[in-house]
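> These are the residues of each chain, in order.
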Amino acid sequence: MRVQVYEHLMAISRRRFLGGAATAAATGALGLSPSFAADSVVAEIMKIPGAGNGSPTDADWQKVGELCLGPTKQNVQPGEFKGVQFSFMGLNNQNLHNFLFRGFLKPWEAYTGASIKWIDLAQADYNARLQQTIASGTVDYDIIEMGAPFEGDMGVKDLLSEMPDWVKKQVDFDDIVDYLKPPVGTWNGKIHRVTIDSDCHTMNIRTDVFGDADLAKQWDGVADKAGLAKWGAPKTWQQVQAVTKFLKGKKVRGKEVYGFLDQPKGWGGFEFYFLMSRASAYAKYPGEKNWLFDENFKPLVNKPAFVRAIQDVVDALPYEPADQINADPGTTAFQQFLTGTGSLLEWWGDIGTTAKTSDTATIGDVLAFDILPGSDDVYNWRTDKWEKLASGPNVAPNMAYLGWGIYVMKSVDGDAKRHKAAWSAAAHLGGKDLSMWTSAYPSGFQPYRKSHTNLDLWALAGYDKKYIGSYMDSQSTSYNHPNNSIEPRIPGIFQYYSIAEDELAKTYAGKQSAQQGADNVAAAWEKLTDKLGRDNQVKYYRIAMGL
Amino acid sequence: MSGAKYEATATHLSAGRVALGRWLFRAATVLLLAVIAIQALKTAAVTSVGFPDWLPVLYAYVVWGVALGASQVLKYGEAGQQTAFILPAFLFTAAMVIFPTLFGLGIAFTDWNLNGDAHHNFNGLNNLRTLWADAYFWNALGNMGFYVATVAVQYAIAFGLALLLNADIRGRKFFRVAFLLPFMLSPVAISWMFGKSMMENRFGPVANFFRFVGWENPAFFSSPYIARTSIAVMDSWQWIPFLIIMLLAGLQALPHDVKEAAKVDGATEWQTFWGVTFPLMLPVSVTAIVLRVIFELKLADIVINVTSGGPGGATDTISSFVFREYRDRSNVGYATMIAEVYLVLIIIFVTLLLRVVSRYMQRMT
Numbered sequence: 001m002r003v004q005v006y007e008h009l010m011a012i013s014r015r016r017f018l019g020g021a022a023t024a025a026a027t028g029a030l031g032l033s034p035s036f037a038a039d040s041v042v043a044e045i046m047k048i049p050g051a052g053n054g055s056p057t058d059a060d061w062q063k064v065g066e067l068c069l070g071p072t073k074q075n076v077q078p079g080e081f082k083g084v085q086f087s088f089m090g091l092n093n094q095n096l097h098n099f100l101f102r103g104f105l106k107p108w109e110a111y112t113g114a115s116i117k118w119i120d121l122a123q124a125d126y127n128a129r130l131q132q133t134i135a136s137g138t139v140d141y142d143i144i145e146m147g148a149p150f151e152g153d154m155g156v157k158d159l160l161s162e163m164p165d166w167v168k169k170q171v172d173f174d175d176i177v178d179y180l181k182p183p184v185g186t187w188n189g190k191i192h193r194v195t196i197d198s199d200c201h202t203m204n205i206r207t208d209v210f211g212d213a214d215l216a217k218q219w220d221g222v223a224d225k226a227g228l229a230k231w232g233a234p235k236t237w238q239q240v241q242a243v244t245k246f247l248k249g250k251k252v253r254g255k256e257v258y259g260f261l262d263q264p265k266g267w268g269g270f271e272f273y274f275l276m277s278r279a280s281a282y283a284k285y286p287g288e289k290n291w292l293f294d295e296n297f298k299p300l301v302n303k304p305a306f307v308r309a310i311q312d313v314v315d316a317l318p319y320e321p322a323d324q325i326n327a328d329p330g331t332t333a334f335q336q337f338l339t340g341t342g343s344l345l346e347w348w349g350d351i352g353t354t355a356k357t358s359d360t361a362t363i364g365d366v367l368a369f370d371i372l373p374g375s376d377d378v379y380n381w382r383t384d385k386w387e388k389l390a391s392g393p394n395v396a397p398n399m400a401y402l403g404w405g406i407y408v409m410k411s412v413d414g415d416a417k418r419h420k421a422a423w424s425a426a427a428h429l430g431g432k433d434l435s436m437w438t439s440a441y442p443s444g445f446q447p448y449r450k451s452h453t454n455l456d457l458w459a460l461a462g463y464d465k466k467y468i469g470s471y472m473d474s475q476s477t478s479y480n481h482p483n484n485s486i487e488p489r490i491p492g493i494f495q496y497y498s499i500a501e502d503e504l505a506k507t508y509a510g511k512q513s514a515q516q517g518a519d520n521v522a523a524a525w526e527k528l529t530d531k532l533g534r535d536n537q538v539k540y541y542r543i544a545m546g547l
Numbered sequence: 548m549s550g551a552k553y554e555a556t557a558t559h560l561s562a563g564r565v566a567l568g569r570w571l572f573r574a575a576t577v578l579l580l581a582v583i584a585i586q587a588l589k590t591a592a593v594t595s596v597g598f599p600d601w602l603p604v605l606y607a608y609v610v611w612g613v614a615l616g617a618s619q620v621l622k623y624g625e626a627g628q629q630t631a632f633i634l635p636a637f638l639f640t641a642a643m644v645i646f647p648t649l650f651g652l653g654i655a656f657t658d659w660n661l662n663g664d665a666h667h668n669f670n671g672l673n674n675l676r677t678l679w680a681d682a683y684f685w686n687a688l689g690n691m692g693f694y695v696a697t698v699a700v701q702y703a704i705a706f707g708l709a710l711l712l713n714a715d716i717r718g719r720k721f722f723r724v725a726f727l728l729p730f731m732l733s734p735v736a737i738s739w740m741f742g743k744s745m746m747e748n749r750f751g752p753v754a755n756f757f758r759f760v761g762w763e764n765p766a767f768f769s770s771p772y773i774a775r776t777s778i779a780v781m782d783s784w785q786w787i788p789f790l791i792i793m794l795l796a797g798l799q800a801l802p803h804d805v806k807e808a809a810k811v812d813g814a815t816e817w818q819t820f821w822g823v824t825f826p827l828m829l830p831v832s833v834t835a836i837v838l839r840v841i842f843e844l845k846l847a848d849i850v851i852n853v854t855s856g857g858p859g860g861a862t863d864t865i866s867s868f869v870f871r872e873y874r875d876r877s878n879v880g881y882a883t884m885i886a887e888v889y890l891v892l893i894i895i896f897v898t899l900l901l902r903v904v905s906r907y908m909q910r911m912t
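Chains A and B, in that order, are what the protein sequence lines are.
Numbering-wise, this note's numbering puts 214 at position 214 of the first sequence, and it's gapless, one number per residue.
Numbering-wise, this note's numbering puts 607 at position 60 of the second sequence, and it's gapless, one number per residue.
These are computed hints drawn from the structure, not numbers from a lab.
Take the hints with a grain of salt, since some may be wrong.
Only pairs whose alpha carbons sit at most 20 Å apart, straight line, appear in this in silico SDA-like list of lysine to any residue [claimed, not checked]:
#1 A/K289 / A/D384
#2 B/K845 / B/L899
#3 A/K511 / B/Y772
#4 A/K250 / B/P830
#5 A/K230 / A/D214
#6 B/K589 / A/N484
#7 A/K410 / B/D600
#8 A/K385 / A/R308
#9 B/K743 / A/G340
#10 A/K289 / A/P183
#11 A/K531 / B/W679
#12 A/K235 / A/D413
#13 A/K225 / A/K250
#14 A/K255 / B/R749
#15 B/K806 / B/P830
#16 A/K511 / B/K743
#17 A/K248 / A/G340
#18 A/K531 / B/D658
#19 A/K235 / A/G254
#20 A/K511 / B/D681
#21 B/K743 / A/A322
#22 A/K432 / A/D172
#23 A/K250 / B/S561
#24 A/K190 / A/K539
#25 A/K248 / B/R758
#26 B/K622 / B/S561
Chain A extracted, bound-state conformation:
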């Protein structure tokens, strides 16, 4: 039966998948994964707690952690780390991240004899705490949950431990999707990261809105359709704008609907990712790695591509919910979109899994996914011209944040027992079976392995294959897109983003033009580069971008 499913998936093309049962597209895009044995660990954990049993609890996390101890037991003897204690710093967003790690690692602690002291941080406090410890030389944690953009901050100070080969084997390093492989997760050629997440922005789409017959009729009468001849989910940003304007004041089943939801309010630097996602199709020219800065680290943010994206937000805001200017990314995802406001949202993959497994989400049955929209034309900053590509709209998915990882600090390297203990804990969290569970249930993490495309496993957690096929297709097509947009992993990158947020807020509030706002961002970035040390920043940028 499993082999049959496998072969069936092999036979279906991605396009056919989207048109009918969008089941196997992801598999086609990521590389096929073998099916699973019914009595395998992964099959067992995917049923915890199972569909219709509410959000997972600490007891579930512990149970999953316990069942996934197999690879640890192959490398570590019982009680081998007795007496070892170390600190683990991570997030507590939405009561996830560290909350799960505690549960996953509790059986690991019981087995190995090590004990962990936890440092929980809110997302908004994360960057400040990280930078303070790095700058003041007061790193008080042995393991850290960290995003790839901070690798530059850690790397230049040589604070990270290098991943041992046995960890690479234990976590099945080759199974990780290609764009998250080196240079991501490395600094100066050394691998430091146990990947536990992948990050890209995709488009979340309300199928009830874009499948509504009345709206389809009304859409036929719209003059400027931006190329969207038939009513349906938009494929370009030009269409997103047209659809958003069209939906203002419209109702579906008696309820007011809105189109695209922007995130104009600052979010500790993270809001800038959403502008980058709106801009990447305009700014990322095929074959060109540089899109936010040029190869000499000169900002491209005030070039026409980003200015157009900023102007798009300004133009769309009057057609979005009344208080949208006060909406940060968290608000748009968890308070608006998942509870039924808005029909298009660019966000990380959490939306797809949370919509199905959270007690508070109301749109799980009317949700589909796609990669970020493209653009009819793309700006070539080298020629200073907008170009229409012969291949059609330019698509450039934004790999926003590049995913969370577990990193071990170099401070443990001097003690062989601590070193092995810390890496063993990291490897447990980055384990293959465990990762399948964190992808499917609320965890804060997205699928990041080729094996995550096994839709049968998702089905065990209660997902229907059409839904999850659409979801995985949007993810995997983004991961593997030849023109995907990678951000620079340089020291202080969040300072650049944070400064941009302040200027964008003024622009969105109508205090300055899009061009003026973009010019101010560029000027502030240049000033910051001088402050942080231009020569080094240029050097780090080139390392990070693989130039």
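With chain A fixed as given, assemble chain B onto it according to the hints.
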């Protein structure tokens, strides 16, 4: 004895005891300076000998403080004991207030950025020049003017409610407790209760109410003026009880005979209030307003949680700006300069305010 100044009894102290006190102090001072010097030289990379962090300096300071107190007692007897009583408070203030302020001042004149490759360097008046040209700072300062001005409205409302609670009304005790409740809540809780729930555009009861009375699409944080007013309303809701407590205490302490005399003289309620109660309440009012202004100048939590200073800086405060500058941008030197400059501005403003109020009160009384 009443009213007489207490003087310590002169007692004979042996030369050995005095010498011991002197040497104890000297030894502790040498120890403290040595620990500071060792750690400073290590930090400056002059030597490799030293401690992993500055904690031993704190221990040495505590030892020095104890030795200082003991030496005072040994050297001066009962007079020394008197000094030893106030020394802990003084040393604590020096460590927790004076030292951080001066240390902060030092940081304020550096280019310290946590992401910078180089360590922090003295950069003269650069941070001051940056601040002078920083539109975000002046915008936030302008907003602070608005927020401080709302204290007058808060005071008027609080006075009215205090008068009500002082009157013989039914359920007076219940209302006194009920009116205090907002003051017991944290600003973060208020931010979520009001800003993110009750004033939520789609389903918030406040939004629904305004929709009911004819505001088609109520949005409390979209336009600059409404957003600023919304923040002020939330802040006022929390802090008016503070003013009520102060004013109610003042009202209860007022002498009844003066008001009764006014009544006998045929004064109306309004005349009694304006001619008797209000002037007599001026000292309490001034204290309450000045304290409230000082608290208002520190407004940050609600703004950070609800609007992040937006839309377009319309609700930004100096504290929320410092918070962003430091927390999001790791800009330690510049953020500290803003905080130090703001401290100076607050001191000047409050001093002037007190002087103006003092003159006004002299005229009134």
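> Against which earlier hints does the structure fall short, listed by number upward?
4, 6, 12, 16, 19 and 23
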